[in-house]
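A.B. asks: Quick note on my numbering: the sequence shown kicks off at 1 and runs consecutively.
Rather than coming from a laboratory, the hints here were simulated on the basis of the structure. All C-beta atoms, glycine included, are put in the ideal place defined by N, C-alpha and C. Any given hint could turn out to be false.
Listed next, with one range per pair, are the computed distances between beta-carbon atoms [stated by the list, open to error]:
hint	residue 1	residue 2	range
1	G289	E68	24 to 30 Å
2	T319	D116	18 to 24 Å
3	R140	E199	17 to 23 Å
4	E112	D321	44 to 50 Å
5	D42	P98	22 to 28 Å
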Amino acid sequence: MTACAIEPSADPGNSGAPRAGCSITAAGAYAARLARSGPDGDAWYPERWTLDGPEPYAVPLPGNQPEEAGTEVQPMGDGRVLVHRVAAGRHVFALLYPTGPGTGELPLGAVECPADTTGLRLLPPAPDGERAYALAAGPRSTVLWQVAGGAFGPERVAEIPGRCSGGVWLDRTGRMLAVDRETGGRTKAVVVDLERGGEVSPLLQIAADSDDRLLLADPDSGLVLIGSDAPSPGRERLGWGVLGSTLPVRFPECLRMPDCVVTPFAIQPGQVLTPERCAVALRVDGAFGSWVGVWRPAERRVRHVPAPEGWLTGAGLWTPDGELRLPCSTPQSPCGVARLAAPDAGDGRTEGTNDEGGAGTPGGSGGAADTRDTADTAESAESAPDESGDPAATAPSTRASAPGRPCPVPLQQAPLARLVTK
């Protein structure tokens, strides 16, 4: 069998955000994807990658028949792969694992969704690696299912009023889940407490009439990446904030890239007291392809790096010491990880290296390019700079903002204040 990167497609459960080429466990030990096989590359099979050994390696997990192109796969913490298939209107789940030359399959059961449900999709891997969840969005409410890790197959966890999308874990235990809920024509991020029967609490509201989505979160530092049209009504902007902080959400000008889709996909963990110094990896999709951006909240620039050859686009993870690892697949090296050392804040160097699995380096013509802020956003221009040099780091006041320029307000905290660093 031959392997190649999956072409990116829109994720219907995440407001059209491009889907990543593979899924990686929260601990970073395993990844899973659909790979192509056959003479014309027109057949699909699940493939598991092991990433925590001396060098990465892949294990094909073909079933009795090829998978559909839309089949979802997700790695579990024990190395098995969860597969989500749709057959005769039913959503069928199973765990795959290698058995010598073949593939073992443990059926988990199925979920039947009402006809008016738009579909059921897997949420990002749970932090504990033992459970897996899925959202089934209907016109008036959304059902959260636990589809793996339960005692009796798929279990209905909660029904959330409104139409939900997205899905971001806010802690290391898998208790707090943030989803983007659409009600009354507006989308706001809310928190679902899985230990309290799916109790829902508000999380994010930049302005009363804005759409505010949570894109990514780091439980260690509390750093969150946000998509909101509050600073530019009708056009979503990327912003950042800190869970539990009284400081406003900020919308750096350097993250505003005309004619490109910018999707954050990984945050450097382990930076407990310094969220503004966390490195953030961005997937940038433009007219000429996809590449990698590296950004820190403390900096007013994005460093642009050519994507490594065969990158499973949109997939990757940071190590605590600031190394970005990007899974790659080429005909010469079907399973590899490109390593990108992020520059220190204020350092203009960006280095690309390769591990023993070898899949090409992110190098290109002369290293990384910078996109720098040339002006602060309107919401930040009136604030005095703090010690990090960010002009928007003072707490919001009650003074009126300029007409047509909503002033950002802090993240709303319900049950999260005790879980994050202030």
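A.B. asks: Could you run down the list of hints and mark each one as holding or not?
C.D. replies: Tested hints:
| no. | hint | in the structure |
| --- | --- | --- |
| 1 | G289 x E68: 24 to 30 Å | 27 Å, holds |
| 2 | T319 x D116: 18 to 24 Å | 44 Å, violated |
| 3 | R140 x E199: 17 to 23 Å | 19 Å, holds |
| 4 | E112 x D321: 44 to 50 Å | 47 Å, holds |
| 5 | D42 x P98: 22 to 28 Å | 24 Å, holds |
In the structure shown, a violation is registered for the earlier hint numbered 2 alone.
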